[in-house]
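Participant: So the sequences go chain by chain: A and B. All residue numbers for the first sequence refer to the working numbering, where the first residue is 114 and numbers rise by one. All residue numbers for the second sequence refer to the working numbering, where the first residue is 114 and numbers rise by one.
Where hints are given, some of them may not hold.
Identical copies look the same in the list; a pair holds intra-copy or inter-copy alike.
The list that follows gives simulated cross-link-like pairs (lysine to aspartate or glutamate, DMTMM-like), each with its CA atoms no further than 25 angstroms apart [as the list claims (entries may be wrong)]: (1) Lys405 to Glu309; (2) Lys370 to Glu169; (3) Lys370 to Glu131; (4) Lys370 to Asp167; (5) Lys405 to Asp362; (6) Lys405 to Asp243; (7) Lys405 to Glu317; (8) Lys408 to Glu337; (9) Lys408 to Glu317; (10) Lys405 to Asp269; (11) Lys370 to Asp164; (12) Lys370 to Glu208; (13) Lys405 to Glu293; (14) Lys408 to Glu264; (15) Lys408 to Glu305; (16) Lys405 to Glu136; (17) Lys370 to Glu317; (18) Lys370 to Glu309.
Hints are computed from structural coordinates only; laboratory data are not their basis.
Protein chains: 2
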Amino acid sequence: MSIVVVGSIAFDTIETPEGRAAEVLGGSATYFALAASYFAPVELVAVVGEDFPDHERSFLAGRGVDLAGVEVRGGRTFRWAGRYHEDMNVRDTVELQLNVFGEFQPVLPAAYRDAQYIFLANIHPGLQGDVLDQLTQPRLIACDTMNHWIEGAWSDLGRLLARVQLLVINDEEARMLSRERNIVRAARRILEMGPESVIIKRGEYGAFYVGPDTVFTVPAYPLEAVVDPTGAGDTFGGGLMGYLAASGDLSPAGVHKGIVYGTVLASYTVEAFGIDRLRRLGREEIDDRYRKFVKMTRF
Amino acid sequence: MSIVVVGSIAFDTIETPEGRAAEVLGGSATYFALAASYFAPVELVAVVGEDFPDHERSFLAGRGVDLAGVEVRGGRTFRWAGRYHEDMNVRDTVELQLNVFGEFQPVLPAAYRDAQYIFLANIHPGLQGDVLDQLTQPRLIACDTMNHWIEGAWSDLGRLLARVQLLVINDEEARMLSRERNIVRAARRILEMGPESVIIKRGEYGAFYVGPDTVFTVPAYPLEAVVDPTGAGDTFGGGLMGYLAASGDLSPAGVHKGIVYGTVLASYTVEAFGIDRLRRLGREEIDDRYRKFVKMTRF
Chain A
114 MSIVVVGSIA FDTIETPEGR AAEVLGGSAT YFALAASYFA PVELVAVVGE DFPDHERSFL
174 AGRGVDLAGV EVRGGRTFRW AGRYHEDMNV RDTVELQLNV FGEFQPVLPA AYRDAQYIFL
234 ANIHPGLQGD VLDQLTQPRL IACDTMNHWI EGAWSDLGRL LARVQLLVIN DEEARMLSRE
294 RNIVRAARRI LEMGPESVII KRGEYGAFYV GPDTVFTVPA YPLEAVVDPT GAGDTFGGGL
354 MGYLAASGDL SPAGVHKGIV YGTVLASYTV EAFGIDRLRR LGREEIDDRY RKFVKMTRF
Chain B
114 MSIVVVGSIA FDTIETPEGR AAEVLGGSAT YFALAASYFA PVELVAVVGE DFPDHERSFL
174 AGRGVDLAGV EVRGGRTFRW AGRYHEDMNV RDTVELQLNV FGEFQPVLPA AYRDAQYIFL
234 ANIHPGLQGD VLDQLTQPRL IACDTMNHWI EGAWSDLGRL LARVQLLVIN DEEARMLSRE
294 RNIVRAARRI LEMGPESVII KRGEYGAFYV GPDTVFTVPA YPLEAVVDPT GAGDTFGGGL
354 MGYLAASGDL SPAGVHKGIV YGTVLASYTV EAFGIDRLRR LGREEIDDRY RKFVKMTRF
């Protein structure tokens, strides 16, 4: 079963204590699509400029990512530059050039509209809502958001949250959205806003899920070296949604397992700059780390 | 199988965003002993002043804590006062009166010397070493330490670490001791210093264990309300060691299970000020939360 993802494609310039990468392929939809592609076909809705290179297009297509929904507009592709602190949980945005992304109006190709699995990566909640209007038979709609929209597009976000099943956000955003410092109370408060379930991503500390019937808490995969945290959250979303779309299992057990696949995928992403690790990641490596994670968490 | 614990008994004055408690029974050995007492008899080695009240003595004895090793010295019992920030991971020590604890020279009653399970709570590493000299047949020696000794008693601590099987410390201490920011590398570096295994306590983010053959990572028990984190780490140690002493199972599976019992006990401690929750905690509550934790972490 294919997955539609709507989000950004960007070129990122990233500095971390481990080094620097300039103008590398990134963006929420890119990380998500690559991670999900290990499990299911992905239909990508995004916008790029005329500068978007053919070899990246071929790379994505080779991974089973359909690009019919990627609009090419006159102008340059979205650019983001960021710098991580010694404590890589903290980063500063050094530069943001929206370029063609500033005019993004997501339009789903006709062939995408009957998709059942949809991930609305972090874009304006109004645009996320426009995507939902184009769907004919969604089964699971998941979305992400960010502090910028929580502060600046509160009412659009509120309307969106009433229409999605699953919100996937990080802990800082969860606290801001819920106005609760405690993560359990934050999750409960968010569920009152509309979604059936919420996953709070906690970076190196794992993830916390509250659904209609279950609570699930899971640590991150322990790593000796984190090189670049960029895209970890979207990779997590891709692994999760990929597993759910492939299995069709939306039971609590299925969602918990999907969260672990998201955890495993994200653990690979942060081992190298940008999508470098995902470019050369094999499916057998995912299963291998999944098995190791089972061993490291069983009691 | 009984457990010997050596550490502090104190009266604490605690301020958190949730309120205040003045002159309440605390200290590392107290939290440890109470938590361990749900699983096994505890032999307590500590010092108190002449002000230590009979009703607290009776309370501890009623929990199966043997007080023959608690020396009464002329003077006042150890006092500590601390204030937690809005982010309760951070606290300031407001006042510290060592009182009789400043002259503590742990002497094990003859009946304690053949103990097999020993927990050296946070005291000067030289004194922790003196305790080891008094043991005739230890099977599992675990110890804690703190930044104060890492900075000020490095060589004593180094000698101690070569003599213990298990070090149980928090993440900040692990980073300081290992000079490694990454928690996995910190654990590996610590094992090079002597212990066979290490548990790094991460507060609301759970615990991380590296042993001779296994790595184990576990989240904290999710709580909607944390009232006072004081003593959570020592409670964790008590639950862990209590389970190990009662089961005698020092296999990886046994240690992992012990870590979960430690996690469960600590989750109760932080729900109220000082030892208030432990005063009224029933064994069936421990098993109930253990079962809930299994459900919240299985996939």
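Participant: Which of the numbered hints are not met once you compare them with the structure shown?
Facilitator: 2, 3, 4, 6, 10, 11, 12, 14, 16
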